[in-house]
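Q: Listed below, chain by chain, are the residues.
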Amino acid sequence: MALPLYYNWRNLFVRKLSTSLTFAVVATLVLVLCVLLSFAAGIRASLAVSGWPQNVLVLKPGATAESTSIITPDEKGRVVQAPGIAHGADGKMLISEELCTQTSIPRRAGEHNMANVAVRGVDATAFGVHPEVKIIEGRRFEPGQLEVIVGKAARDRFDNLGIGGEVRLGRQGNRLYKVVGVFETGGGAFDSEIWGGRTQISDSFNRHFISSAVLRLDDAAEAAAAISYLNGPFVALESKRETEYYEDLSKTTRDIVALTTVLIAIMSIGAAFAVANTMYAAVDGRRREIAMLRTIGFGRGAIILSFVTESLLVCMTACLFGLAGAMFFSGTRQDFLSNSTWTVLAYELKITPTIALGSLGLACLVGVIGAIAPALRASRVHVIEALRKA
Amino acid sequence: MSAADIVATSVRKVYHKDRIEIPVLDGLSLKIDAGEFVVLMGPSGSGKSTLLHLIGGLDSPTSGSIRVGEYNLERMTERELTAWRSRHVGFIFQMYHLVPVLTAAQNVELPLLLFKMSSAERRERVATALKVVGLADRTDHRPNQLSGGQEQRVAIARAIVTDPDVILADEPTGDLDAKTSEEILALLNLLNSEFNKTILMVTHDPRAASHGQRVVHLEKGVLEREERNPARPAMAAS
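Protein sequences, first through last, are from chains A and B.
Numbering of the first sequence is given in my numbering, commencing with residue 1 and proceeding in unit increments.
Numbering of the second sequence is given in my numbering, commencing with residue 1001 and proceeding in unit increments.
Treat the hints with care, as some may be off.
Unchecked claim - Examples of chain B residues toward chain A, derived with CB under 10 Å:
1) H1053
2) T1082
3) G1090
4) P1100
5) D1170
What the hints assert, rightly or not - Label-pair restraints from in silico Cβ distances:
6) B:S1118 <-> A:I256: 54 to 60 Å
7) B:T1062 <-> A:C364: 42 to 48 Å
8) A:D284 <-> B:I1022: 25 to 31 Å
Derived from the structure by calculation, the hints contain no laboratory data.
Computed from a predicted structure; not experimentally measured.
The beta carbon of each residue, even a glycine, is placed where N, CA and C say it ideally should be.
Please construct the entire structure, taking both the sequences and the accompanying hints into account.
A: See below:
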């Protein structure tokens, strides 16, 4: 039979300082873990919904991102001969030639707070190649006009990007574009971009080439053949499935997550030691009490369970506080500066039930691991010696 | 209400320290009738507390046997002894050993948590035990809100709440003033005379010893002599 929970709960307040320190360590651990996991999940979600398996992205060999790729008109001409390219309702091949660049504009938070935003010059075909792009406010830009449409996340993060707003684009920022529409892709990377007519963007930035070509195929199964052709000696460009490209972009996130996982592991070990320290102090301070409990009939198992329960109470309560702290950030949109594109990618920090349960699991694990050695020591208290030392 | 007799036969207890044998009890034999109130006296190191611990199943004799009621303790495992103690023995300590974070009622309730019993029944038994020791109005007080005498009363209530056959008291008045000691000893007398509990009490205090029906004197691990208390004749066991 276990000792009552209120016995453990009240004992937590006997050693306020060490309990508080352990509490703080575990709460911090949970907070960091939650933010890390939600960061990773947010970035993953943002990049995971980007791209189609039947879309093949063509870049200059060696380019790690669209922004560092230059495809010349000559190379562009050979792309159209790739097998399996789908055709739009107007009979045109679904090849979107795109110019990717970036510009620095003020964020909403303050006028001196500038950040890079991705600017994409596209033709009307882009909307057939990227059908996930849906206009949710206003309309598409008119070709030949200084008009842009903006992703929903970009509109929310940057200043003056609402409908009717104006944004300076170009090498010197000398072209004033008017925002005529807002689009969204369901949380994908495009949501953080500004799109305009390719010719105007090309002219404004004085870049007379394209960064990438995106081919929409009839069937995702034909991607391998198309990629083989595009990467072959005749075209000599570098192509990959669009989904693969965005997955590669999230590599940095994976590296950050891996590194922070090591940090979390080290923090967990530290937290387990903090728990152990507190529980050892509790055992040493309660030797007579333990001896009395053993004398009146509580077995070793009940003593072990009691100390593990006490540790779990600290860790689970600390976990709830850590989660409450993390919930403070939940639902907020954060910026992630991609080191591939050097543009800001907006993602949503979200504490999901899975993240909350994972954090609770880690807190419990820390509690059990930290308590097990002190609890065993408690169960081995020499009853007669402890009673005599009274 | 139940009582058990205690029979210790040729009990030897030897402790080892740095490879040196320290004999504490040296072939001691003692018989205590069910319902008897026996006092163990003797100088420090004579083996009084050791004998009490052996009878309480907290330690095992090096040789010899101890029987309490129908239980031969030397044949029982540690787990069996732990379970046996919870049902058949009530312990009273010099320093009370109450749990400071629990109220008087919760302290008394502790041994009952080892029984399959409804919380209503537990509450009832706790209330009865506290009433017996005269602390019915102190149920929600913590140990630090009670006097030494009151703390010892709570400890006695904890010892009797399971209705044990035997009460083992290790210097229960050693930390109390004379007046409070008398009250505690009167309470032990009550448990013996009214509730027919077999009581074995260790004490250094001759006044406390006068409350027993029989005083057993130990000296260097052996029974030196024993005296019957004419003022408190032994009662027939129930």
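Q: Take the hints in turn and mark each one as holding or not.
A: So, going through the hints one by one against the coordinates:
1. H1053: 5 Å, holds
2. T1082: Check passed: Cβ of T1082 (chain B) comes within 5 Å of chain A, closer than 10 Å.
3. G1090: 8 Å, holds
4. P1100: At 8 Å from the nearest chain A Cβ, P1100 (chain B) passes the 10 Å test, so the hint holds.
5. D1170: Holds: closest Cβ of chain A sits about 8 Å from D1170 (chain B), inside 10 Å.
6. B:S1118 <-> A:I256: 54 to 60 Å: Given a distance of about 56 Å, which is inside 54 to 60 Å, the answer is holds.
7. B:T1062 <-> A:C364: 42 to 48 Å: 45 Å, holds
8. A:D284 <-> B:I1022: 25 to 31 Å: 26 Å, holds
Of the hints listed earlier, there is not a single one the structure fails to meet.
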